[in-house]
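> Each chain, written out:
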Amino acid sequence: MNIHEYQAKQIFAKYGVPTPRGIVANTPAEAVANAKELGGNIWVVKAQIHAGGRGLGGGVKLARSLEEVETLASEILGMILVTHQTGPEGKLVQKVYIEEGADIKDELYLGVVLDRAKEMPVLMASTEGGMAIEDVAHDTPEKIIKIAVDPAVGFQGFHGRELVFGLGITDPNEQKKLISFASKLYKLYMDNDAEMIEINPLIKTGSGDFLALDGKMGFDDSALGRHPDIEAMRDISEEDPDEREAGEYGLSYVSLDGEIGCMVNGAGLAMGTMDTINYMGGTPANFLDVGGKANAETVAKGFEIILKNPNVKAIFVNIFGGIVRCDRIANGILEATKLTDVHVPVIVRLDGTNAQEAAEILKNANIANIITATDLADGAAKAVAAAKQAK
Amino acid sequence: MSILVNKDTKVIVQGFTGKEGSFHAEQCLAYGTKIVGGVTPNKGGTEHLGQPVFNTVKEAVKATGATVSMIFVPPAFVADAVMEAADAGIELAVIITEGAPVRDMQAAKAYAVKRNMKTIGPNCPGIITAEECKIGIMPGMIFKKGNIGLISKSGTLTYEGTNQVVKQGLGISTAVGIGGDPIIGLSYKQLLAMFEQDPETHAIVMIGEIGGDLEIQAAAFIKENITKPVVAFIAGQSAPKGKRMGHAGAIISGGAGTAAEKMAALEAAGVKVVVSPSEIGKAVAEVLKK
Chain A
1 MNIHEYQAKQ IFAKYGVPTP RGIVANTPAE AVANAKELGG NIWVVKAQIH AGGRGLGGGV
61 KLARSLEEVE TLASEILGMI LVTHQTGPEG KLVQKVYIEE GADIKDELYL GVVLDRAKEM
121 PVLMASTEGG MAIEDVAHDT PEKIIKIAVD PAVGFQGFHG RELVFGLGIT DPNEQKKLIS
181 FASKLYKLYM DNDAEMIEIN PLIKTGSGDF LALDGKMGFD DSALGRHPDI EAMRDISEED
241 PDEREAGEYG LSYVSLDGEI GCMVNGAGLA MGTMDTINYM GGTPANFLDV GGKANAETVA
301 KGFEIILKNP NVKAIFVNIF GGIVRCDRIA NGILEATKLT DVHVPVIVRL DGTNAQEAAE
361 ILKNANIANI ITATDLADGA AKAVAAAKQA K
Chain B
1 MSILVNKDTK VIVQGFTGKE GSFHAEQCLA YGTKIVGGVT PNKGGTEHLG QPVFNTVKEA
61 VKATGATVSM IFVPPAFVAD AVMEAADAGI ELAVIITEGA PVRDMQAAKA YAVKRNMKTI
121 GPNCPGIITA EECKIGIMPG MIFKKGNIGL ISKSGTLTYE GTNQVVKQGL GISTAVGIGG
181 DPIIGLSYKQ LLAMFEQDPE THAIVMIGEI GGDLEIQAAA FIKENITKPV VAFIAGQSAP
241 KGKRMGHAGA IISGGAGTAA EKMAALEAAG VKVVVSPSEI GKAVAEVLKK
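Same order as they appear, the protein sequences are chains A and B.
Its first residue numbered 1, the first sequence is counted upward by one per residue in this note's numbering.
Its first residue numbered 1, the second sequence is counted upward by one per residue in this note's numbering.
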C-alpha cells in the first residue's frame with residue numbers, strides 16, 4: 001500500500017525527521033487559508049497523487065502571492081496529471097499540499113528499501129538529488145551509496161559515517177544533523193513495516209539544515225493488520241477499481257492492454273499463461289490468479305471483472321487442479337456462465353485431478369462458446385486463434 | 001536417494017489442529033509421510049489424526065525424534081513458529097503459510113541460519129520426494145518417481161512442470177517449492193548443489209519468476225558447479241514493470257529483476273531456457289538424450 005506525500009510527512013514529523021511546514025487542502029479556498037496560516041511570502045502548491053514525476057508533469061508550482069496560491073490550486077485541483085509513473089491515462093488530482101518555500105542549497109537523495117539479496121534494509125543515498133534514481137543507478141552507479149543495516153543491531157555509528165563521508169559532507173555540525181536524520185528514517189521504516197521510503201530531493205538549506213522536501217512511502221501489505229493508523233491512510237481513489245474489487249473476492253488481478261482475458265490458478269502459472277499467449281502471437285488482457293480454492297462464485301466474479309474490459313476478445317481459463325478437483329471447477333464454470341453473461345469464446349484447459357470427468361462435463365453441457373483444450377500449449381493456441389477470428 | 005526428505009523422515013506439524021493444518025496433514029499421512037505428531041498450544045496430551053499433540057516443539061521433538069516441521073500457523077505467528085522450531089533443534093522447517101510480514105521473516109530467517117536450521121518457504125507448496133514423503137500441499141498423485149529434480153518459486157508451475165515430465169515417461173526425484181516471497185529459505189543455489197550430489201537425480205528443472213536476483217545468482221553458480229543438465233523457465237516475460245504479480249516477491253522494481261535478464265544469465269551459463277512453461281517436458285527429454 002502506498003500513501004501520499006503529505007501523509008508520509010506526517011509520519012516523518014512524528015519521528016522528528018525534519019520537513020518544511022505544510023498543510024493539505026481540498027479546495028482553492030482551503031489552499032489560501034493554509035498559505036496564510038503558514039505565513040511567509042513564497043509557497044509551493046503540490047498535487048497529491050501516488051506517482052513520482054509530479055513536477056515535470058506540471059503538478060508542482062511555486063506561488064509568490066496568496067492570489068497565485070488560489071490560481072495555481074484551482075488549476076491543479078481537478079487536473080488529470082500525467083507523469084512517467086501514471087501511464088498515459090494520468091491521475092485525477094483531488095488534494096493539494098501547500099508548503100512553505102525552502103532555501104535550497106543542495107539536493108540529495110535518500111531512500112530505504114529491502115535488499116532482497118542481503119535480506120535486510122538498505123539505505124540508498126546519492127548526491128544526485130532531484131533526478132530519477134533509476135537513471136542515476138543506470139548511468140552513474142558509482143554515485144549511489146548503499147548501506148545495509150542489520151535489523152538485529154539497528155542503525156550504528158559507522159552506518160552514519162559511511163553515509164556522510166560517502167556524500168562528501170565535511171562540516172561536523174552538518175554531519176551530525178544528517179546522521180540523526182538517517183537514523184530516524186531507518187527507525188520509522190522498521191517500526192511501520194515500510195516496504196519503501198524515498199526522499200527525492202532531501203535538501204540542504206543555506207543554513208546547513210537537512211529537510212525532506214518530498215516523501216514517498218510504501219508499506220508491506222502483509223503487515224498492515226498491525227498498523228491500523230497506516231491502514232487508515234489508504235486512499236482507494238488511487239487504486240485501480242477492478243484490481244480492488246478482485247482483491248475483495250480473494251482474486252489477484254492486474255489489467256494489461258491486450259485482447260485475451262486470462263483466468264488461472266496460481267501466480268506462477270498465471271504469468272506463464274500470459275507468456276505462452278505472447279509466445280503464440282497473442283496479447284494477454286490481464287493477469288488473474290483465482291487462488292487455490294477456485295469455486296463457482298470466484299470463477300463467476302473472475303469472468304465479470306475480465307469482461308469489464310472492452311478489449312477482451314476471448315478468455316483462456318487455465319487451471320491445473322491439484323487439491324481442487326477439475327470436475328468441480330468444470331461445474332463452477334458452467335454455473336458461472338449462468339451467473340454472468342459471457343459473450344466471448346471461452347477456452348478451457350483443465351488438467352490434473354479428475355481432468356477426464358471435467359472434460360465430459362463440459363462436453364455434455366454443449367455450450368456453444370466453450371472450447372476445450374488438452375494442455376497449456378493447445379489452450380493458448382486456441383485462445384489466440386479465437387481472438388484473431390473475433391476481429 | 002533424493003534430497004532433504006525421504007520415507008524415513010519424521011515430521012511434526014505446527015498448527016496441527018487448525019483447519020488447513022488438519023486437512024493437509026491428513027493428506028500427507030495418506031501419502032505415506034511419517035507424521036509423528038503435532039504442536040498446538042494448550043492441546044498437549046490430546047491426540048489428533050491418530051498422532052500425539054504437544055504444547056511446544058521442544059516436547060514434540062523430545063518425544064518423537066522428529067527432524068522436520070511443517071508450519072501451517074497463521075501469518076502473524078509464522079516468525080514465532082520458525083524460531084521455536086530452530087530453538088528446539090529441528091533441522092528443516094517447511095513454511096506453507098502465505099502472507100507473513102517481511103520484517104518478521106528477516107528476523108526469523110537470520111535466527112534459523114544462526115542455529116543451522118534449513119527453511120523452505122514461506123508462501124510455498126512444500127517439498128516432495130516422489131512416492132516416499134510429501135511435506136506440503138501439492139497433489140501427491142502426479143509425482144511419479146524418477147530422476148528429475150525440480151525447484152520452483154511457484155506451486156502450480158511445479159505441478160505443470162511435473163505433469164509434463166511425467167508425460168514424457170520420466171519422473172521426479174525430489175521437487176521443492178521454494179516460495180514466492182521477497183525473503184525465502186533455501187534457494188536455487190543450495191538446492192542445485194544438493195541435486196548435483198544426489199545420484200538419483202539426472203537433470204534439474206528450475207522455475208523462476210520476475211523480482212529479486214536469486215535466478216541470476218543461480219546462473220553464476222551453475223556455470224561453476226553444476227555438471228547435470230538444467231532446464232529453466234522464468235515466468236513474467238510479459239509482466240509490466242512496477243506491478244506485483246500475485247506473489248509478494250514477483251515485482252520488477254527500478255527496472256531490475258526482469259525475466260529477460262534472468263533468462264540471458266541462465267542461457268549464458270549453459271542452461272536450456274524455454275520461453276513457455278508448455279515446453280518444459282520436451283526440453284527435459286531433449287537434454288537427457290545429449
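These aren't lab readings, by the way, just hints derived from the structure by calculation.
Mixed in with the good hints there might be a few duds.
Here are the simulated DSS-like cross-link-like pairs (lysine-lysine), alpha carbons at most 25 Å apart as the crow flies [what the hints assert, rightly or not]:
(1) B:K145 to A:K118
(2) A:K216 to B:K43
(3) B:K118 to A:K118
(4) B:K272 to B:K289
(5) A:K61 to A:K118
(6) A:K118 to B:K272
(7) A:K118 to B:K241
(8) B:K144 to A:K118
(9) A:K61 to A:K36
(10) A:K308 to B:K290
(11) B:K7 to B:K118
(12) B:K228 to B:K144
(13) A:K146 to B:K241
(14) B:K10 to B:K228
(15) A:K187 to A:K14
(16) B:K290 to B:K144
(17) B:K223 to A:K118
(18) A:K216 to B:K290
(19) B:K62 to B:K34
(20) A:K308 to B:K243
(21) A:K143 to A:K216
(22) B:K241 to A:K143
(23) B:K114 to A:K363
(24) B:K62 to B:K43
> Has the given pair, B:K62 with B:K34, been kept, meaning a C-alpha gap of at most 25 Å?
16 Å, holds
> B:K144 and A:K118 were given as a pair; does the straight-line alpha-carbon distance stay at or below 25 Å?
Given that 25 Å is the threshold and the Cα spacing comes to 37 Å, the pair is violated.
> Does the alpha-carbon distance linking B:K241 and A:K143 stay inside the 25 Å limit?
24 Å, holds
> Between B:K145 and A:K118, is the straight-line Cα distance small enough, at 25 Å or below?
The given pair, whose Cα atoms are some 36 Å apart, is violated under the 25 Å limit.
> Hey, B:K228 versus B:K144, does the alpha-carbon distance stay inside 25 Å?
Within the cut-off at roughly 20 Å; holds.
> Measure nothing beyond the straight line between the CA atoms of A:K118 and B:K272; if it is 25 Å or shorter, mark the hint as holding.
Distance ~28 Å between A:K118 and B:K272 Cα, so the pair is violated.
> Hinted pair, alpha-carbon criterion (25 Å max): A:K216, B:K43. Please report holds or violated.
46 Å, violated
> Please work out if B:K10 and B:K228 have their alpha carbons no farther apart than 25 Å.
Measuring from Cα to Cα gives roughly 30 Å; hence the hint is violated.
> Quick one, are A:K146 and B:K241 close enough, alpha carbons at most 25 Å?
23 Å, holds
> Compare the distance between the alpha carbons of A:K143 and A:K216 with 25 Å, and conclude whether the hinted pair is satisfied.
21 Å, holds
> Taken at face value, is the distance from the CA of A:K118 to the CA of A:K61 at most 25 Å?
This hinted pair is violated, its Cα atoms lying about 40 Å apart.
> Against the 25 Å threshold, does the CA-CA distance of B:K272 and B:K289 hold or violate the hint?
13 Å, holds
In summary, the numbered hints that this structure violates are 1, 2, 5, 6, 8, 10, 14, 18, 23.
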